[in-house]
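**Q** Here's the letter readout for the chains.
4 protein chains.
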Amino acid sequence: MKVYQHIVTYYECDKMGVVHHSNYVRFMEEARVDWLDQLGYGFDRMEAEGVVSPVVSVSCQYKHPTTFKDAISIELHVEHLSTFKITFGYTMKVREQVVCVATSVHCFLENNHPVALEQRFPELYRKIVETMEKK
Amino acid sequence: MKVYQHIVTYYECDKMGVVHHSNYVRFMEEARVDWLDQLGYGFDRMEAEGVVSPVVSVSCQYKHPTTFKDAISIELHVEHLSTFKITFGYTMKVREQVVCVATSVHCFLENNHPVALEQRFPELYRKIVETMEKK
Amino acid sequence: MKVYQHIVTYYECDKMGVVHHSNYVRFMEEARVDWLDQLGYGFDRMEAEGVVSPVVSVSCQYKHPTTFKDAISIELHVEHLSTFKITFGYTMKVREQVVCVATSVHCFLENNHPVALEQRFPELYRKIVETMEKK
Amino acid sequence: MKVYQHIVTYYECDKMGVVHHSNYVRFMEEARVDWLDQLGYGFDRMEAEGVVSPVVSVSCQYKHPTTFKDAISIELHVEHLSTFKITFGYTMKVREQVVCVATSVHCFLENNHPVALEQRFPELYRKIVETMEKK
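Line by line, the protein sequences give chains A, B, C and D. For reference, each letter of the first sequence is one residue, going 0 to 134 in numbering that gives the first Met the number 0. For reference, each letter of the second sequence is one residue, going 0 to 134 in numbering that gives the first Met the number 0. For reference, each letter of the third sequence is one residue, going 0 to 134 in numbering that gives the first Met the number 0. For reference, each letter of the fourth sequence is one residue, going 0 to 134 in numbering that gives the first Met the number 0.
Hints in this document: simulated from the structure, not taken from any laboratory. Keep in mind that a hint or two might mislead.
Unchecked claim - Cut-off 27 Å, straight-line C-alpha distance, at most; resulting in silico cross-link-like pairs (DSSO-like, lysine-lysine):
#, chain 1, residue 1, chain 2, residue 2
1, D, Lys134, A, Lys84
2, D, Lys126, A, Lys68
3, C, Lys84, A, Lys92
4, B, Lys84, D, Lys134
5, C, Lys92, C, Lys134
6, B, Lys1, C, Lys134
7, D, Lys62, A, Lys1
8, B, Lys62, D, Lys1
Computed from a prediction, not measured in an experiment: that's the story for all the values here.
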């Protein structure tokens with residue numbers, strides 16, 4: 000899987016001259032979107048099928064500030080996979096230095112009911128398991 | 000009509016320590032939402048009736064920077080009202096100093112077709128005309 | 000202490016029609032700024048004295064979606080207070096329903112060196128301890 | 000000059016499922032940053048030399064909505080160049096369809112005084128004039 004990269008824009012930096020901490024949550028989403036696309040099953044395809052994927056929780060540990068024009072590499076892996084939930088882990092680096100470590104938990108809903116990923120999207124489920132075995 | 004007020008948050012300020020210029024376009028939307036609410040016809044009520052109101056154009060002239068904790072007062076008035084379009088004018092002030100002067104043009108769409116405001120929302124139309132006469 | 004309230008704007012909602020999850024991290028900051036202001040020691044006063052307060056980590060558990068015009072009440076309390084770090088807990092509610100539970104950890108830096116809150120800002124430290132005793 | 004491209008993220012789309020109109024002002028900044036970088040004189044280099052470049056005004060005409068994953072190509076050219084101000088014109092396209100046409104006016108400040116671009120940055124001035132002649 001290709002590592003996602005986010006180039007920091009001017010408007011993402013705050014008064015302290017560094018990326019505002021809330022933006023890392025957005026970079027995580029970008030990396031997740033890219034990762035699912037690489038598996039051939041993007042958010043847009045899910046939404047077209049009537050399945051949405053709300054965020055259950057997020058956590059971020061900020062290790063080092065980043066700033067304008069920094070290229071943040073975001074490595075994403077699946078930490079846990081259960082019937083109804085998936086937990087992603089993220090390691091963000093700038094020039095090999097870890098700047099942020101994060102996790103996010105997601106579920107899948109269809110008509111407001113929880114969706115079992117293995118049954119609803121068996122091909123995607125299988126591919127996700129494969130990425131976990133490779134690690 | 001009551002003047003809308005936006006208190007500048009930390010995350011709205013950029014590396015130069017001032018409100019990022021893109022945010023004024025958001026403050027304009029906040030003032031517009033508030034203004035329509037005061038007329039008794041909010042965006043949410045329109046959307047519930049199947050009418051959306053896309054932005055046709057915006058323009059902003061930045062007169063003076065604003066920063067964290069500034070209270071920006073946003074005076075809104077209707078500059079033009081035609082069959083399919085409405086033009087709002089905005090004057091934003093901090094402690095009586097003008098900080099930004101702006102305009103925005105909007106239309107109304109129902110099932111992707113232009114909506115004539117006077118026919119579709121006659122009560123709202125009448126109220127808007129009243130605000131123009133008072134000025 | 001007065002509970003901080005954030006009224007959800009149109010631009011804070013995403014394609015799913017609910018507040019984008021990254022925005023809660025911004026609401027937490029707004030509540031924190033307000034809370035420190037209520038204690039008489041705002042971010043701006045600290046920054047003017049040369050002390051910045053980076054975010055060490057954040058975590059959010061999303062309990063219920065919120066949307067345009069919702070009034071989110073954000074109760075903030077200090078969970079832990081150590082020599083160099085402070086942990087805030089947040090409970091966000093809309094019409095008495097909990098929508099998000101969160102925490103954030105912060106340190107204080109002066110000339111890039113950790114600041115012991117009790118020594119650098121004894122009055123603020125005492126006031127924070129008081130809020131913890133009242134709880 | 001290479002045309003700048005912005006891929007629309009999920010969080011840039013609003014309740015109507017399209018890019019929120021305020022975001023185009025941010026995309027303009029991204030294109031401007033990239034364009035100055037291509038001329039070898041980025042915002043960061045200017046800021047390092049103590050020159051900031053505030054936005055004097057912006058205007059956007061929204062021609063067609065864009066949405067999640069759209070690749071927006073942003074062509075930038077210099078519309079006017081005077082002693083103290085520069086006006087950029089932007090044409091944004093998705094799959095050859097024009098989605099937004101915009102302009103922005105900028106000045107340059109050093110110690111809060113207007114800077115004459117031709118005198119302060121003669122090399123950059125010359126390169127900008129060259130791009131205008133090529134057009």
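**Q** Look at each hint and say if it fits the structure.
**A** Results for each hint:
The suggested pairing of D:Lys134 with A:Lys84 is violated, with an alpha-carbon distance near 54 Å, which exceeds 27 Å. Simply put, D:Lys126 and A:Lys68 have alpha-carbon atoms about 22 Å apart, close enough for the 27 Å limit, and the pair holds. For the proposed pair C:Lys84 and A:Lys92, the alpha carbon gap of about 24 Å is at most 27 Å, so the pair holds. For the proposed pair B:Lys84 and D:Lys134, the alpha carbon gap of about 35 Å is over 27 Å, so the pair is violated.
About 19 Å separates the Cα atoms of C:Lys92 and C:Lys134, which keeps this hinted pair within 27 Å; it holds. Distance restraint check for B:Lys1 and C:Lys134: the Cα-Cα separation of roughly 38 Å exceeds the 27 Å cut-off, and the hinted pair is therefore not satisfied. In summary, the hint linking D:Lys62 to A:Lys1 is not supported, as the alpha carbons are separated by about 35 Å, beyond the 27 Å threshold. Of the pairs offered as hints, the one joining B:Lys62 and D:Lys1 is violated, with about 33 Å between alpha carbons and a cut-off of 27 Å exceeded.
Checked against the numbered hints given earlier, this structure breaks hints 1, 4, 6, 7, 8; the rest are met.
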